[in-house]
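J.: First to last, the protein sequences are chains P and Y.
Each residue of the first sequence is one higher than the last, beginning at 77 in the numbering used here.
Each residue of the second sequence is one higher than the last, beginning at 23 in the numbering used here.
Derived by calculation from the structure, the hints in this document are not laboratory data.
Incorrect hints may appear among the rest.
To be verified - List time: in silico DSBU-like cross-link candidates among lysine-lysine, alpha-carbon distance up to 30 Å:
| id | chain 1 | residue 1 | chain 2 | residue 2 |
| --- | --- | --- | --- | --- |
| 1 | P | LYS153 | Y | LYS318 |
| 2 | Y | LYS255 | Y | LYS162 |
| 3 | Y | LYS279 | P | LYS160 |
| 4 | Y | LYS68 | Y | LYS173 |
| 5 | P | LYS153 | Y | LYS142 |
| 6 | P | LYS160 | Y | LYS184 |
| 7 | Y | LYS127 | Y | LYS279 |
| 8 | P | LYS228 | Y | LYS213 |
| 9 | Y | LYS155 | Y | LYS184 |
| 10 | Y | LYS127 | Y | LYS255 |
| 11 | P | LYS153 | Y | LYS288 |
| 12 | Y | LYS142 | Y | LYS127 |
| 13 | Y | LYS328 | Y | LYS318 |
| 14 | P | LYS228 | Y | LYS228 |
| 15 | Y | LYS288 | P | LYS160 |
| 16 | Y | LYS213 | P | LYS153 |
| 17 | P | LYS160 | Y | LYS162 |
| 18 | P | LYS228 | Y | LYS264 |
| 19 | Y | LYS383 | Y | LYS397 |
| 20 | P | LYS153 | Y | LYS155 |
| 21 | Y | LYS279 | Y | LYS162 |
| 22 | Y | LYS318 | Y | LYS155 |
Said to hold, decoys possible - Incomplete in silico selection of chain Y near chain P, CB under 10 Å:
| id | residue |
| --- | --- |
| 23 | PHE146 |
| 24 | LYS278 |
| 25 | GLY300 |
| 26 | TYR384 |
| 27 | PRO387 |
| 28 | ILE403 |
| 29 | ALA452 |
As the list claims (entries may be wrong) - Computed spacing ranges between beta-carbons, pair by pair:
| id | chain 1 | residue 1 | chain 2 | residue 2 | range |
| --- | --- | --- | --- | --- | --- |
| 30 | P | TRP285 | Y | ALA76 | 28 to 38 Å |
| 31 | Y | LYS253 | P | ALA143 | 25 to 35 Å |
| 32 | Y | LYS228 | P | GLY284 | 33 to 43 Å |
| 33 | P | ILE184 | Y | ASP289 | 55 to 65 Å |
All values reported here derive from a predicted model rather than from experimental measurement.
C-beta: ideal position from N, C-alpha, C; glycine also.
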Amino acid sequence: MTAKTAIDQTGAPGWLQALPFGLVFLFFFVLPLAFVVIVSFWDYNDYEMLPSFTTRSYVETFEGCLAELPNLCTILKTYVSTAKFCLIVWLATLLVGFTIAYFLAFHIKTVTTQMVLFLVCTIPFWTSNVIRMISWIPLLGRNGLVNLALEKAHIVNAPLEWLLYSPFSVTLAFVHLFTFFMVVPIFNSMMRIDRRLVEAAYDAGASGWQTLWNLIIPLCKPGVVIGSIFVVTIVMGDFVTFDVMGGEQIASAGKVVETRLNALQFPPAAANAVILLGVTLLIIVGLNRIVDVRKEL
Amino acid sequence: MSMKQGKKPAAVSRRAVLKGAGALAGAAAGSGAITGFPAVWAQEEKVLRYLGTAVNQSDDITKKVKEETGITIQNIVATTDDVTKRVITQPNSFDILDTEYFSLKKLVPSGNIRALDAKKIKEFDNITPVFTKGQLPNGKVIGDQGTAPKKVMFLEGEHSTKFSKTPTEWVTLIPTTYNADTLGIRPDLIKRPIEHWSELLNPEFKGKAAILNIPSIGIMDAAMVVESTGKYKYPDKGNMTKAEIDMTIGVLTEAKKAGQFRAFWKDFNESVNLMAAGETVIQSMWSPAVTAVRTKGIPCVFQPLKEGYRSWASGFCMSKGVSAKQAEWVYEFVNWFLSGWAGAYLNRQGYYSAVLSTAKKYMEPYEWAYWMEGKPAEKDIHAPDGSLLEKAGATRDGGSYDDRMGNVACWNAVMDENDYMVRKWNEFIAA
Numbered sequence: 077m078t079a080k081t082a083i084d085q086t087g088a089p090g091w092l093q094a095l096p097f098g099l100v101f102l103f104f105f106v107l108p109l110a111f112v113v114i115v116s117f118w119d120y121n122d123y124e125m126l127p128s129f130t131t132r133s134y135v136e137t138f139e140g141c142l143a144e145l146p147n148l149c150t151i152l153k154t155y156v157s158t159a160k161f162c163l164i165v166w167l168a169t170l171l172v173g174f175t176i177a178y179f180l181a182f183h184i185k186t187v188t189t190q191m192v193l194f195l196v197c198t199i200p201f202w203t204s205n206v207i208r209m210i211s212w213i214p215l216l217g218r219n220g221l222v223n224l225a226l227e228k229a230h231i232v233n234a235p236l237e238w239l240l241y242s243p244f245s246v247t248l249a250f251v252h253l254f255t256f257f258m259v260v261p262i263f264n265s266m267m268r269i270d271r272r273l274v275e276a277a278y279d280a281g282a283s284g285w286q287t288l289w290n291l292i293i294p295l296c297k298p299g300v301v302i303g304s305i306f307v308v309t310i311v312m313g314d315f316v317t318f319d320v321m322g323g324e325q326i327a328s329a330g331k332v333v334e335t336r337l338n339a340l341q342f343p344p345a346a347a348n349a350v351i352l353l354g355v356t357l358l359i360i361v362g363l364n365r366i367v368d369v370r371k372e373l
Numbered sequence: 023m024s025m026k027q028g029k030k031p032a033a034v035s036r037r038a039v040l041k042g043a044g045a046l047a048g049a050a051a052g053s054g055a056i057t058g059f060p061a062v063w064a065q066e067e068k069v070l071r072y073l074g075t076a077v078n079q080s081d082d083i084t085k086k087v088k089e090e091t092g093i094t095i096q097n098i099v100a101t102t103d104d105v106t107k108r109v110i111t112q113p114n115s116f117d118i119l120d121t122e123y124f125s126l127k128k129l130v131p132s133g134n135i136r137a138l139d140a141k142k143i144k145e146f147d148n149i150t151p152v153f154t155k156g157q158l159p160n161g162k163v164i165g166d167q168g169t170a171p172k173k174v175m176f177l178e179g180e181h182s183t184k185f186s187k188t189p190t191e192w193v194t195l196i197p198t199t200y201n202a203d204t205l206g207i208r209p210d211l212i213k214r215p216i217e218h219w220s221e222l223l224n225p226e227f228k229g230k231a232a233i234l235n236i237p238s239i240g241i242m243d244a245a246m247v248v249e250s251t252g253k254y255k256y257p258d259k260g261n262m263t264k265a266e267i268d269m270t271i272g273v274l275t276e277a278k279k280a281g282q283f284r285a286f287w288k289d290f291n292e293s294v295n296l297m298a299a300g301e302t303v304i305q306s307m308w309s310p311a312v313t314a315v316r317t318k319g320i321p322c323v324f325q326p327l328k329e330g331y332r333s334w335a336s337g338f339c340m341s342k343g344v345s346a347k348q349a350e351w352v353y354e355f356v357n358w359f360l361s362g363w364a365g366a367y368l369n370r371q372g373y374y375s376a377v378l379s380t381a382k383k384y385m386e387p388y389e390w391a392y393w394m395e396g397k398p399a400e401k402d403i404h405a406p407d408g409s410l411l412e413k414a415g416a417t418r419d420g421g422s423y424d425d426r427m428g429n430v431a432c433w434n435a436v437m438d439e440n441d442y443m444v445r446k447w448n449e450f451i452a453a
């Protein structure tokens, strides 16, 4: 509640304090974004952008979307596929992330051990995410370690093809890369829960599951939503993981932008970026509808 | 932290791109400062910023140039697409450009590059007629579908942005390197002869094939396959009509849905890894990638095919921003490049040099016989870095220069319907 009154306060000092970051935001976020929106309405040819207003990039992006009904057009197919990955990765990271956070927050009794284990979770982040991704390839390949082990153990007769360059490997990499983004905010929320509430629940006769479902999960909502925002925005805009782990055979919203950029077609790339931004914002607004993060913090 | 650092430069260059293309004055210079190019050095020193795709950029060449001409080369390495992007949006960020002929359709109309004067190139008349006339030194006419160099080699005038159909004094690109590309295969895993492009989509190799995910090149490989199956004969594989694009992408999509492809690749190393790990047994490939697989001790053949090769070529031009003095250095450098040492260096990697006569002087007779004449190696063949490429007795895949370049069917190209093709390619990826 104190946060709210601080926001309501007006006056010079507040504005001055907000100014530096406001400027950074203006020059490195608002202006570039404005350029992207402007360019998305420009025309173009093979080698340059033509600054005249046209909706060509949008019209061509949604080409065939009405004509091909009930079949999905390319852009819708791409978004459906991206959203599917988003949902699966979100569920998996939520489940794994919540479990890890729960273990750290409630099963580890000393703060020192908690912090040590928490830092252990960050070790993978000492290398770049591309390296972490690529390290899966020798494991999952046709002649990779997993297939070799399965064949040696006579569990399979032929190597499993779907381990690599498949939706499975893409999902696996995402979960591996981004679970930590779920762990941090959820852990943070859990640490703020007053332990006396848990004791009270126990005294009132609640079972472990009841405590979890009726007490801990509701109080962790802000953490869950913040973690979800991280995961959803990253997966929606990603194209590197899709390329490396999917063998460049899986379409994603980010990949459409990349292909256009590589072909020097900046206006359609910008248009696709604007569409992607719109869709991602809608998802975030939706999440915020479920939980008012600002109020909960 | 590493992720943040990874993202920031991208955001900056994107902004720079927008600004630059929006023709805001000073944007190019400004972004040059932002992306951290080395500052201009003292005026007496001869320095050239050399933008290219790494094919012709190696430390060995840089050192040799410095030694023999005193010119310091600052290499700026980027992917083919990024080189083009950079020329269009930041023409002041380089002095000399090394790019492929097919990019010229985009670069020349932009007015950001300057033609070279053929009269100032000592060896110009000795440049292989593959470039100037579209024929072999022995007179055999070779395939000219797509952006064959002879179509875009000359401009009507020094500052013209129009290609001349006949040779003029003004040259868009002075050729450096070229080669004939085909499919790479794993003979140990396929165990039977491969003779046609159609094998790429043969269901026998289901889940073990790959193609190049650079739309303009990938679609031409697909076109080679379509012609090979006898389904259709293109008037020009390098310049398809919308209907032809639809049909070709249709063939690819069908194969993709049937699970033909293990993966697509965009990067040299990806193609090496796919092949070396046995993920693929047949795929579009580049010559040095085949060599890289072989140096790991894994059998890999750059398979000559009945329908011929898809060829590419690259060359030098300069930025419109160079000063008179820098322009002289560019000519000095280009003349040095054609004088033989660099040509021999490239020939030893499996590429071809533009002036064959000078390169020959810098190669041992047994090397020349192996690389250029297709004869069995008299001695072990070594790469420029000294590593063993082939044991004595081996012959080059595809044979001699005349056999390989003489069987070129088409050249890497940018189509008139490029925009439509890229949209269709996205559809193919999404299928």
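J.: Take the hints in turn and mark each one as holding or not.
T.: Against the structure, the hints:
1. For a cut-off of 30 Å, the pair hint linking LYS153 of chain P to LYS318 of chain Y is broken: about 41 Å separates their Cα positions.
2. At most 30 Å may separate the alpha-carbon atoms for a hinted pair to count; LYS255 of chain Y and LYS162 of chain Y meet this at roughly 23 Å.
3. For the proposed pair LYS279 of chain Y and LYS160 of chain P, the alpha carbon gap of about 19 Å is at most 30 Å, so the pair holds.
4. A threshold of 30 Å between alpha carbons decides the hint, and for LYS68 of chain Y with LYS173 of chain Y the separation of about 34 Å lies outside it, so the pair is violated.
5. Restraint check: the Cα-Cα separation between LYS153 of chain P and LYS142 of chain Y comes to about 55 Å, which exceeds 30 Å; the hinted pair is violated.
6. This hinted pair does not check out: LYS160 of chain P and LYS184 of chain Y have alpha carbons roughly 49 Å apart, beyond 30 Å.
7. Under the criterion of a C-alpha separation no larger than 30 Å, the hint pairing LYS127 of chain Y with LYS279 of chain Y is inconsistent with the structure, at around 34 Å.
8. Simply put, LYS228 of chain P and LYS213 of chain Y have alpha-carbon atoms about 25 Å apart, close enough for the 30 Å limit, and the pair holds.
9. A threshold of 30 Å between alpha carbons decides the hint, and for LYS155 of chain Y with LYS184 of chain Y the separation of about 18 Å falls inside it, so the pair holds.
10. With a CA separation close to 25 Å, the supplied pair LYS127 of chain Y and LYS255 of chain Y stays within the 30 Å bound.
11. Taking the CA atoms of LYS153 of chain P and LYS288 of chain Y, the gap is near 23 Å; set against the 30 Å cutoff, the hint holds.
12. For the suggested pair LYS142 of chain Y and LYS127 of chain Y, the alpha carbons sit about 24 Å apart, so the restraint of at most 30 Å is met.
13. In summary, the hint linking LYS328 of chain Y to LYS318 of chain Y is supported, as the alpha carbons are separated by about 28 Å, within the 30 Å threshold.
14. The hinted pair formed by LYS228 of chain P and LYS228 of chain Y meets the criterion: a straight-line CA distance of about 24 Å does not exceed 30 Å.
15. Under the criterion of a C-alpha separation no larger than 30 Å, the hint pairing LYS288 of chain Y with LYS160 of chain P is consistent with the structure, at around 25 Å.
16. Between LYS213 of chain Y and LYS153 of chain P the alpha-carbon distance is near 39 Å, which puts this suggested pair outside the 30 Å criterion.
17. Straight-line distance between C-alpha atoms of LYS160 of chain P and LYS162 of chain Y comes to about 55 Å, which puts the hinted pair past the 30 Å bound.
18. Pair hint LYS228 of chain P plus LYS264 of chain Y does not hold up; C-alpha atoms about 51 Å apart against a cutoff of 30 Å.
19. Restraint check for LYS383 of chain Y and LYS397 of chain Y: the C-alpha separation of about 18 Å stays at or below 30 Å, so the hint holds.
20. Between LYS153 of chain P and LYS155 of chain Y the CA atoms are separated by roughly 47 Å; this puts the pair beyond 30 Å, and the hint is violated.
21. Annotation: proposed proximity of LYS279 of chain Y to LYS162 of chain Y is violated, straight-line Cα distance about 41 Å (limit 30 Å).
22. Taken as a hint, the LYS318 of chain Y and LYS155 of chain Y pair is broken in the structure, with Cα atoms around 39 Å apart against an allowance of 30 Å.
23. The closest approach between the C-beta of PHE146 of chain Y and any C-beta of chain P is roughly 27 Å, which is over the 10 Å cut-off, so the hint fails.
24. A least Cβ separation of about 7 Å between LYS278 of chain Y and chain P falls short of the 10 Å threshold, and the interface hint therefore holds.
25. Look at GLY300 of chain Y: its Cβ gets to within about 5 Å of chain P, closer than 10 Å, so that hint holds up.
26. The interface hint given for TYR384 of chain Y is violated, since its Cβ lies 37 Å from the closest Cβ of chain P, which is over the 10 Å cut-off.
27. About 42 Å separates the beta-carbon of PRO387 of chain Y from the nearest beta-carbon of chain P, more than 10 Å, and the hint is not met.
28. Restraint check, ILE403 of chain Y versus chain P: the minimum CB separation of about 29 Å is more than 10 Å; hint violated.
29. Interface hint at ALA452 of chain Y: satisfied, since its Cβ lies 4 Å from the closest Cβ of chain P, which is below the 10 Å cut-off.
30. For TRP285 of chain P and ALA76 of chain Y, the Cβ-Cβ distance of about 59 Å falls outside the hinted range of 28 to 38 Å, so the restraint is violated.
31. At roughly 26 Å, the beta-carbon separation of LYS253 of chain Y and ALA143 of chain P lies within the given 25 to 35 Å, and the hint holds.
32. In this structure the hint that LYS228 of chain Y and GLY284 of chain P lie 33 to 43 Å apart at CB is violated, the actual value being about 51 Å.
33. For ILE184 of chain P and ASP289 of chain Y, the hinted distance range of 55 to 65 Å is not satisfied, since their beta carbons lie about 44 Å from each other.
When the structure is compared with the earlier hints, violations turn up for hints 1, 4, 5, 6, 7, 16, 17, 18, 20, 21, 22, 23, 26, 27, 28, 30, 32 and 33 and for no others.
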